[in-house]
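Participant: The task is simple: from the sequences and hints, build the whole structure.
Residue numbers (numbering that gives the first Met the number 0), protein chains in the order written: chain G, 0 to 204; chain Y, 0 to 108; chain W, 0 to 667.
By construction, these hints were calculated from the structure, which means they are not laboratory data.
Only a predicted model underlies this, so the values are computations on that prediction, with no experimental measurement involved.
No residue lacks a Cβ here, since even glycine has one placed at the ideal position from N, Cα and C.
Do not rely on the hints blindly, as some may be mistaken.
[Said to hold, decoys possible] Cross-link-like lysine-lysine pairs, in silico, BS3-like; alpha carbons within 30 Å at most:
no.: 1; chain 1: Y; residue 1: 22; chain 2: G; residue 2: 172
no.: 2; chain 1: G; residue 1: 51; chain 2: Y; residue 2: 78
no.: 3; chain 1: G; residue 1: 99; chain 2: Y; residue 2: 78
no.: 4; chain 1: Y; residue 1: 78; chain 2: G; residue 2: 168
no.: 5; chain 1: G; residue 1: 99; chain 2: Y; residue 2: 22
[Unchecked claim] Here are some chain G residues the structure puts well away from chain Y; computed CB gaps all over 10 Å:
no.: 6; residue: 55
no.: 7; residue: 83
no.: 8; residue: 114
no.: 9; residue: 117
no.: 10; residue: 119
no.: 11; residue: 124
no.: 12; residue: 131
no.: 13; residue: 161
no.: 14; residue: 164
no.: 15; residue: 167
no.: 16; residue: 170
no.: 17; residue: 193
[Stated by the list, open to error] Here are some of the chain G residues that sit facing chain W, going by a computed Cβ distance under 8 Å:
no.: 18; residue: 48
no.: 19; residue: 50
no.: 20; residue: 53
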Amino acid sequence: MSTATATADAHHDHDPHATNTGISNNKLAMWLFLSTECLLFGALISTYLLYKTRGNGGVLPTDIFDIPFTSVSSFVLLMSSLTMVLALSAVARGEMDRGKAWLLVTAMLGGVFIGGQVYEFTSFYREGLGYTSNPAASAFYTLTGFHGVHVSLGILMLMSLWVSAQQGKLTQKNSETVEIVGLYWHFVDIVWIFIFTVIYLIPPA
Amino acid sequence: MSEATAGTETHDVHHPSDWDYVKIAGILGVLTTIEVLTYFESVFTFFETRWILLTTLFVLMIVKFWLVARMFMHLKQDKPILSQSFAAGLALATTVYIVALLAFNFFSA
Amino acid sequence: MTIIDEPLALESGETYAEKPLGILTRPQAQGGWKDWVSTVDHKKIGIMYGVAAMFFFVVGGFEALLIRTQLAFPDQGFLSADLYNQIFTMHGVTMVFLFIMPLAAAFANYLIPLQIGARDVAFPRLNALSFWVWLSGAIFLNTSWIVGGGGANCGWFCYSPNSGIVFSPTHGVDFYAIGLLITGIASLVSAVNLIVTCLNMRAPGMDLMRMPVLTWMLLVTQFLLAFALPVITVALLLLLFDRTFDSQFFDPDAGADPLLWQHLFWIFGHPEVYIIILPSFGIISEIIPTFSRKPIFGYTAMVFSGIAIGFMGWGVWAHHMFVSGIGPISVAAFSLATMFIAVPTGVKILNWLTTMWGGKLHFTTAMLFATGTVAMFTIGGLSGVTHSLAPADTQQTDTYYIVAHFHYVIFGGGVLGLFGGAYFWWPKVFGHFLNERRGKINFWAMLIGFNLTFGPMHVLGLQGMSRRIDTYSAGYGFDFWNLMSTLGSYLIAVSVVVFFYNVWKSKKEAVDLPPPGPDPWDARSLEWSVPSPTPEHNFDEVPQVESFDHWWFQKYEIDDDGKVVRIAETEAVAQDGSATGVHLPSPSFWPLVLAIGLPIIGYGIIFNLWLCVIGGLLTGGAIYAWVFEPVDDPNAGHGHDDHHEDEAGDDQLAGVGSGSASDDEGEG
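Facilitator: The following block contains the structure:
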């Protein structure tokens, strides 16, 4: 998608970014996209819910969850939403150094989350829950894997923003780009709020 | 009517400060802690109280969701169409998938 | 063209810097293939969608002729059972995903900006991306015939466990899954693009409730696409993972439920059929008022019934699953919901008829197609109502009665409407008419052929002929109507040949005929207020819209007696396309490059994971190049006398407000 550049020169005698809704195209597009992602994650969550007890005689995810561990990584992701919004706040005020720092912290917290996921998956695998073991396992790994891919893409975007800021391309004037990446990041966090509650915390009947 | 307004956020008095964000994050942390504690509370292994557990977890989840969406994602300060678009997708997904799960007798004992 | 003749002078004294940004320089082709592959102009993109869709119409039509030839007589076997399965599967997939959806996209892309008074869509490069990604997915899907061991053979709906490795060991289903994933990305991106366009880029005064019915129907379609595609995306991914990585989503022996596929597929699949029909409803809602010389009857009802169809379409999907064992409560619920959805469609049919009633009807080819659409869709809708009664459907399902129903609604409703749209907007797009005499032959041959093909299928189905069978035995009483149906299909083929001949010949004849001018049909919406063919910049001046059918009211007014009175000649109030120096979005090659990466990833998943790396690098690289190429080439889109010389980096395209037409020069 094209980067949102909000140059101040009014070389037309009206605002070239004027939109009927008063919301920029990029921001509206991101919200619409996030809205469609609800359908995507809903399908994956429903698949897991349908299959969560179907272990085909093998190990179920609910048998081997390590709730304390996952709680910590959930908390990390939640805090990364805070650092994200602090990054936006700084960039919007023109404090680029602080903004860059918070972007980096957000990306790193995301990285810690992914690291936690990787550790969790490998220990589950060692405990007998492979991707192909049974429907519950396939559904669990696919759902959390997709979420992890989304987080990873988010980290890539955050790092790209950081590099852009380093090169002076990202400035206070295009802080909306940070806002839009932030929307994506918060959404990914919200999805995890769902997943953590519905998949991890609800005990088997 | 079409209004010609630029799409950048306005800095009005309702705009949360950094400290407001930290406070919200604190609330989110507390809610998460409560959620996690339910896992360890042996009282809730009784069948009768499963629904109390589920209701509690869902309420906590929705509050956290609401806080992140309204405050961190700025929906509170933004124009309603953004909330409406997002709510549309969310409501549709929730309805459609609950109906699908019903068709699978997921909610039956 | 709005490309400058000479570059702006640089401070260093050089006349220009050759490609200062190297690979990131925006292309500046003027015509030729480079223009088309780097274009971001919604009109060119619309034309490309249309051309490609018609190509695949022939492919899918050929597959249909193979089916009908086999079934013309009992006990024929020139297509083996397995090959027959591939042919009918690919016929369905091609017609739905590679013909009718992109043809609707052609209309949407070309017309939405024009109808709302904009110069282009919200995201021009994403628009190009959607086309190239769709095309690469379409080609990828069809390479299954060559490198995949044959086409997918599971039916277009591809139920599991048939779709798994055990029962579909060739790569056909893998190509199906990945091909549709790729085309799905294209449609999703396009949907977001067009929704933002409709919501954000309307001309001043173009309130939502002043938009043409076509734009409204297309807007509802985009919402349906946006929300339905993620569901089939998940279904296809689960299928792909089962086949490629041995996951356990659909294997009953492992405890999985094949019905999961059916639910996910049809949660997408039912909104999909409204995605198919709504554009056609929109098109005829433009044609009928024009050739009835009356405004559309009940504009508000037309808009809201379209929205209602969009909503209700989400609540009926399991009517495709009445005999799958979902149980009586689900069956009853979905049966009831399905009956209700006939209501908003009925509202539309009544409104089209009421628009025609008392109007001065002029049966051009476009009007014939539009009227045919109403009639044929009514027949298809009525058979649909019979399906909604679950006990009746228990007999009808999986028979030719269903095949009859959906061809009446999709072909009779969808395709006829799209052909009507072609005849209607051809002069606007290409600057000459499609010949009316040949058009009428096209129409009647198609209408008769269509009814002869699909009408008898109602009878065959109720007599018990099963669908998806490669042949039938003599002595069941199916022989006569199958033969009639096959003859009908050949007549359809003839009508399609007539259409292509008409396209070719009309262009040749156009040099000797007077040009159609901006508004040859004396129509009602904004696209008719600009020259034909549409200038690259669309509008000289973005219109100030004062009402629904604004363009009509530039030409006519209603006097005190309620009569329509002409107040201006068309040429006097139409724009003449002479504006220069209008700022247009710059072209880009990166959408094409990104699109090429995706099928490479697809081949990688099927054959060799290293290809995924290559495809991924291409796609990822293209994304970065796209993001970092300058938003607009500073040299593009401005005359050298343009008084805005002080611009450095330009902004993304504005849809609202007038273009920067220089006021002191008349030539381009």
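Participant: For each hint, tell me whether it holds in the structure or not.
Facilitator: Hints and how they fare:
{"no.": "1", "hint": "22(Y) with 172(G)", "in the structure": "28 Å, holds"}
{"no.": "2", "hint": "51(G) with 78(Y)", "in the structure": "39 Å, violated"}
{"no.": "3", "hint": "99(G) with 78(Y)", "in the structure": "28 Å, holds"}
{"no.": "4", "hint": "78(Y) with 168(G)", "in the structure": "28 Å, holds"}
{"no.": "5", "hint": "99(G) with 22(Y)", "in the structure": "22 Å, holds"}
{"no.": "6", "hint": "55", "in the structure": "18 Å, holds"}
{"no.": "7", "hint": "83", "in the structure": "7 Å, violated"}
{"no.": "8", "hint": "114", "in the structure": "19 Å, holds"}
{"no.": "9", "hint": "117", "in the structure": "21 Å, holds"}
{"no.": "10", "hint": "119", "in the structure": "16 Å, holds"}
{"no.": "11", "hint": "124", "in the structure": "23 Å, holds"}
{"no.": "12", "hint": "131", "in the structure": "23 Å, holds"}
{"no.": "13", "hint": "161", "in the structure": "19 Å, holds"}
{"no.": "14", "hint": "164", "in the structure": "18 Å, holds"}
{"no.": "15", "hint": "167", "in the structure": "20 Å, holds"}
{"no.": "16", "hint": "170", "in the structure": "13 Å, holds"}
{"no.": "17", "hint": "193", "in the structure": "7 Å, violated"}
{"no.": "18", "hint": "48", "in the structure": "11 Å, violated"}
{"no.": "19", "hint": "50", "in the structure": "7 Å, holds"}
{"no.": "20", "hint": "53", "in the structure": "4 Å, holds"}
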